[in-house]
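J.: Throw the hints in and build the complete structure from the sequences for me.
Just so you know, the sequences run in chain order L and Z.
Mind the numbering: the first sequence is residues 1 to 118 in our numbering, read in order.
Mind the numbering: the second sequence is residues 1 to 230 in our numbering, read in order.
Some hints could be false.
[Claimed, not checked] Keeping only pairs whose Cα atoms sit at most 27 Å apart, straight-line, the calculated DSSO-like set for lysine-lysine is:
| no. | chain 1 | residue 1 | chain 2 | residue 2 |
| --- | --- | --- | --- | --- |
| 1 | L | Lys116 | Z | Lys45 |
| 2 | Z | Lys181 | Z | Lys101 |
| 3 | Z | Lys94 | Z | Lys120 |
| 4 | L | Lys117 | Z | Lys3 |
| 5 | L | Lys95 | Z | Lys40 |
| 6 | L | Lys117 | Z | Lys45 |
| 7 | Z | Lys44 | L | Lys111 |
| 8 | Z | Lys75 | Z | Lys26 |
| 9 | Z | Lys26 | Z | Lys3 |
| 10 | Z | Lys40 | L | Lys97 |
| 11 | Z | Lys138 | Z | Lys105 |
| 12 | Z | Lys157 | Z | Lys29 |
| 13 | L | Lys113 | Z | Lys75 |
| 14 | Z | Lys97 | Z | Lys146 |
| 15 | L | Lys97 | Z | Lys157 |
| 16 | Z | Lys75 | L | Lys110 |
| 17 | Z | Lys29 | Z | Lys97 |
| 18 | Z | Lys72 | L | Lys110 |
| 19 | L | Lys113 | Z | Lys72 |
| 20 | Z | Lys105 | Z | Lys228 |
| 21 | Z | Lys3 | Z | Lys97 |
| 22 | Z | Lys3 | L | Lys110 |
| 23 | Z | Lys107 | Z | Lys72 |
If you're looking for bench data, these hints aren't it; they were derived computationally from the structure.
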Amino acid sequence: MSVVLRVILIVCSMIAFFLCIKKIKQAKLKVENSVTWMVGAILLICMSIFFNAVEWVSTKLGFQAPVNFVFLVVIGFLLIETFIDNIRISQLNEKIKDLNHYIALSEHEKKAKEEKKA
Amino acid sequence: MQKVLIIIPAYNEALNIKKTVEDVIKNTKYDYIVINDCSKDDTKKVCEENNFNFLSLPINYGLTSGVQLGMKYAKKNGYDIAIQFDGDGQHEAKYLKDLVKEIEKNKSDIAIGSRFVTEKKPVTMRMLGSNIITGTIKLTTGKTIKDPTSGMRAYNKEAIDMFVNNASLTPEPDTIVYMLKKKMKVGEVQVEMKDREFGESYLKPIKAIEYMINMFFSIVFIRALTRKNK
Numbered sequence: 001m002s003v004v005l006r007v008i009l010i011v012c013s014m015i016a017f018f019l020c021i022k023k024i025k026q027a028k029l030k031v032e033n034s035v036t037w038m039v040g041a042i043l044l045i046c047m048s049i050f051f052n053a054v055e056w057v058s059t060k061l062g063f064q065a066p067v068n069f070v071f072l073v074v075i076g077f078l079l080i081e082t083f084i085d086n087i088r089i090s091q092l093n094e095k096i097k098d099l100n101h102y103i104a105l106s107e108h109e110k111k112a113k114e115e116k117k118a
Numbered sequence: 001m002q003k004v005l006i007i008i009p010a011y012n013e014a015l016n017i018k019k020t021v022e023d024v025i026k027n028t029k030y031d032y033i034v035i036n037d038c039s040k041d042d043t044k045k046v047c048e049e050n051n052f053n054f055l056s057l058p059i060n061y062g063l064t065s066g067v068q069l070g071m072k073y074a075k076k077n078g079y080d081i082a083i084q085f086d087g088d089g090q091h092e093a094k095y096l097k098d099l100v101k102e103i104e105k106n107k108s109d110i111a112i113g114s115r116f117v118t119e120k121k122p123v124t125m126r127m128l129g130s131n132i133i134t135g136t137i138k139l140t141t142g143k144t145i146k147d148p149t150s151g152m153r154a155y156n157k158e159a160i161d162m163f164v165n166n167a168s169l170t171p172e173p174d175t176i177v178y179m180l181k182k183k184m185k186v187g188e189v190q191v192e193m194k195d196r197e198f199g200e201s202y203l204k205p206i207k208a209i210e211y212m213i214n215m216f217f218s219i220v221f222i223r224a225l226t227r228k229n230k
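T.: Okay, here's the thing in structure tokens:
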């Protein structure tokens, strides 16, 4: 792994890490949603610092270049993250739909009561 | 005598809804509920002016959500049978009692208002799609459903509960597969359907292919693997 790539990885990870903390402080991101990002950032930093270990693992696994291994880890991480996001979106969708139904039903009930009074 | 509710989902059906509801009131003794899925046109106004019994959703959420809301209403008010009935004037209310009879007399759990029980299927692109779905259902469940895409279906109490508790159930053919796998009895009753007069269908030609792919994947990979006790 080249020194340039390692420096880029470290710098970007640091930025991501502090961005997470900033957004949490601004209450724009929930702690439980940010943990995965911070863990990912720490993982990248570790991989840049201990590149010997990464090189050892990647040759053992048969990668042509250690950098490919790094990319694969990052892609895998992103895939998992998007999948989790997809599940969250579906859950939110479901909650909004239930609210939608609840509003329609309670409005109908209110109208029926008013008509009874009148 | 069982309590029957007609569920009429309507999205931008201001031109059709009045006729549809009047047809239901005139030709049946059953209760009805119009589900206005946040229409952009005057559907809500038409319902208010004519004093129809209707539910109005604040956000547009699609046909599946609309039908589920109707099922929730049916369960809340203790109905025994809920019938899904299109608001676009394609369905005729005079056939509704045949669907109810199928559930009451023949002890079916689901009764489909089918165009092709005694009639033959015409050869069109639309019917090719219908045939593919019929074949897929036959392959996965062993049962023949002659008109799986029909939007006129009656459900008994057990099926109503399923719709209320399982939001993934669509008012489409894949749900029939799900219910067949749950060992429910599906009956078909001959009905006639008209072509729509105004407005656009939920199923535009461009969306037809997407619909077919969705149905195929849902039936083969999800619904076909349904177990009875799970």
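J.: Decide, hint by hint, whether the structure agrees.
T.: Status of each hint after checking the structure:
no., hint, verdict
1, L:Lys116 - Z:Lys45, "holds, 21 Å"
2, Z:Lys181 - Z:Lys101, "holds, 23 Å"
3, Z:Lys94 - Z:Lys120, "holds, 21 Å"
4, L:Lys117 - Z:Lys3, "holds, 26 Å"
5, L:Lys95 - Z:Lys40, "holds, 23 Å"
6, L:Lys117 - Z:Lys45, "holds, 23 Å"
7, Z:Lys44 - L:Lys111, "holds, 14 Å"
8, Z:Lys75 - Z:Lys26, "holds, 25 Å"
9, Z:Lys26 - Z:Lys3, "holds, 18 Å"
10, Z:Lys40 - L:Lys97, "holds, 18 Å"
11, Z:Lys138 - Z:Lys105, "holds, 25 Å"
12, Z:Lys157 - Z:Lys29, "holds, 19 Å"
13, L:Lys113 - Z:Lys75, "holds, 19 Å"
14, Z:Lys97 - Z:Lys146, "holds, 20 Å"
15, L:Lys97 - Z:Lys157, "holds, 23 Å"
16, Z:Lys75 - L:Lys110, "holds, 18 Å"
17, Z:Lys29 - Z:Lys97, "holds, 9 Å"
18, Z:Lys72 - L:Lys110, "holds, 17 Å"
19, L:Lys113 - Z:Lys72, "holds, 19 Å"
20, Z:Lys105 - Z:Lys228, "holds, 24 Å"
21, Z:Lys3 - Z:Lys97, "holds, 12 Å"
22, Z:Lys3 - L:Lys110, "holds, 23 Å"
23, Z:Lys107 - Z:Lys72, "holds, 23 Å"
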